[in-house]
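Residue numbers (this note's numbering), protein chains in the order written: chain A, 1 to 269; chain V, 1 to 78.
Derived by calculation from the structure, the hints in this document are not laboratory data.
Positions of the beta carbon are idealized from the N, C-alpha and C atoms, including for glycine.
Be careful, since some hints might not be right.
As the list claims (entries may be wrong) - Subject to a maximum C-alpha distance of 30 Å in a straight line, what follows is the list of computed DSS-like cross-link-like pairs (lysine-lysine):
#, chain 1, residue 1, chain 2, residue 2
1, A, 125, A, 150
2, A, 68, A, 238
3, A, 254, V, 54
4, A, 118, V, 54
5, A, 68, V, 54
What the hints assert, rightly or not - One-sided excerpt, in silico: chain A residues whose CB lies under 7 Å from chain V:
#, residue
6, 84
7, 240
8, 258
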Amino acid sequence: MKYFFYLLFLAFTHTYSQSGIITYESIINFGNSAPKKSEKKLFFNESASLYRSVANVSDRKENGQTTKTRSKKTIPIDENTATETVNITYTSTFEPLYYFDVETQQFICRGTLFENKKFEPYIYKDNYARKIQWQLKNEFKTISGYSCQKATTDFRGRKYTAWFTTKIPLPYGPWKLNGLPGLILETYDETGEIYIVAKKIEIPKNVKKFLKKPIEGAQITFREFIERRSHESDDIIKAFMARLPKGTKNVTAKTKRTGFELEYEWEKG
Amino acid sequence: MKRTLLILMTILFSFGAFSSNGGATTENIEHQKEVLSSFETSELILKKDKCVIKRTTTITIDHGTYTETIVLVEYIPC
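Just chain A, with the same shape it has in the complex (with noise of 0.2 Å):
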């Protein structure tokens, strides 16, 4: 009976040695706005990892809204002329979640695109990003008690640096990066835009419940979502332009975008 329970015990710690959640702090900054700062987490066992936002593991459900914020700002030049600034900012109830299938080597992702001035979920398999072609670098320093390895890499147009651990010897990341033979505890890109470092680690830990599949939305390839998406400001230049008052003499839009992916595998010759 005593060795049963110590079976058991075995049995249990090897089940959920390999699995467990770290909690990332993320601060992007891509200079159009004030710097973002916010928590992701990352589950993990063996066979998985999901990348997604703190704000809805909770059992809070995604309603699917879309949140508009507005303000409005009017300055004079002179007696008979002010200028006004209008913002307008739409934001995504729908988290992007980034799924990987050590099985099948998948990326299965949930993005959204901006239609009819709301926001769809799209899911699509990214089969690029598990080609990651890493340096590793023979540097060491620790993170949060863990003993890290640094390893660079060329990804979209990013040149990233990660600090991986082999004491969790797992290939996942946060976001997209991921093939290292350790977790990556900390990772950002030359330019200072992009910051994610791990605050809280905790294995083992049950992760069944939160480690599921994106589901939610139409299926679509990734060159398709990209491409769809890279024209979604057409359609909002052209209502906008639509609702413009008479006598407005002339008017110059300019279009600015920024994410963690510059460029793409089939645009590069």
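Given chain A, put chain V in place with the hints provided.
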């Protein structure tokens, strides 16, 4: 002596006038820059003298890891 004083006063007055004009121009440009600073259109507008901006609309679409900012500028032409 009177003549020298007159010349000196004329020179000083001229300096004052130029200085005043210069100050006003700088102030005007600075003001325009302030209005436009966050919209990256200052270069466009300042190159075209006497253009007056009527309204600038910035629309940001925030997808989480990707943002798109559209800046629409309506202005009275030069």
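Now for the hints, and whether the structure bears them out:
Between residue 125 of chain A and residue 150 of chain A the CA atoms are separated by roughly 28 Å; this keeps the pair inside 30 Å, and the hint holds. Taking the CA atoms of residue 68 of chain A and residue 238 of chain A, the gap is near 19 Å; set against the 30 Å cutoff, the hint holds. Straight-line distance between C-alpha atoms of residue 254 of chain A and residue 54 of chain V comes to about 16 Å, which keeps the hinted pair within the 30 Å bound. Between residue 118 of chain A and residue 54 of chain V the alpha-carbon distance is near 28 Å, which keeps this suggested pair within the 30 Å criterion.
For the hint linking residue 68 of chain A to residue 54 of chain V, the alpha-carbon distance of about 23 Å falls within 30 Å, and the restraint holds. About 4 Å separates the beta-carbon of residue 84 of chain A from the nearest beta-carbon of chain V, less than 7 Å, and the hint is met. Given the 7 Å rule on beta carbons, the hint for residue 240 of chain A holds: about 6 Å separates it from the nearest Cβ of chain V. A hinted interface residue such as residue 258 of chain A counts as satisfied when its beta carbon comes closer than 7 Å to some beta carbon of chain V; here the least separation is about 6 Å, so the hint holds.
Checked against the numbered hints given earlier, this structure breaks none of them.
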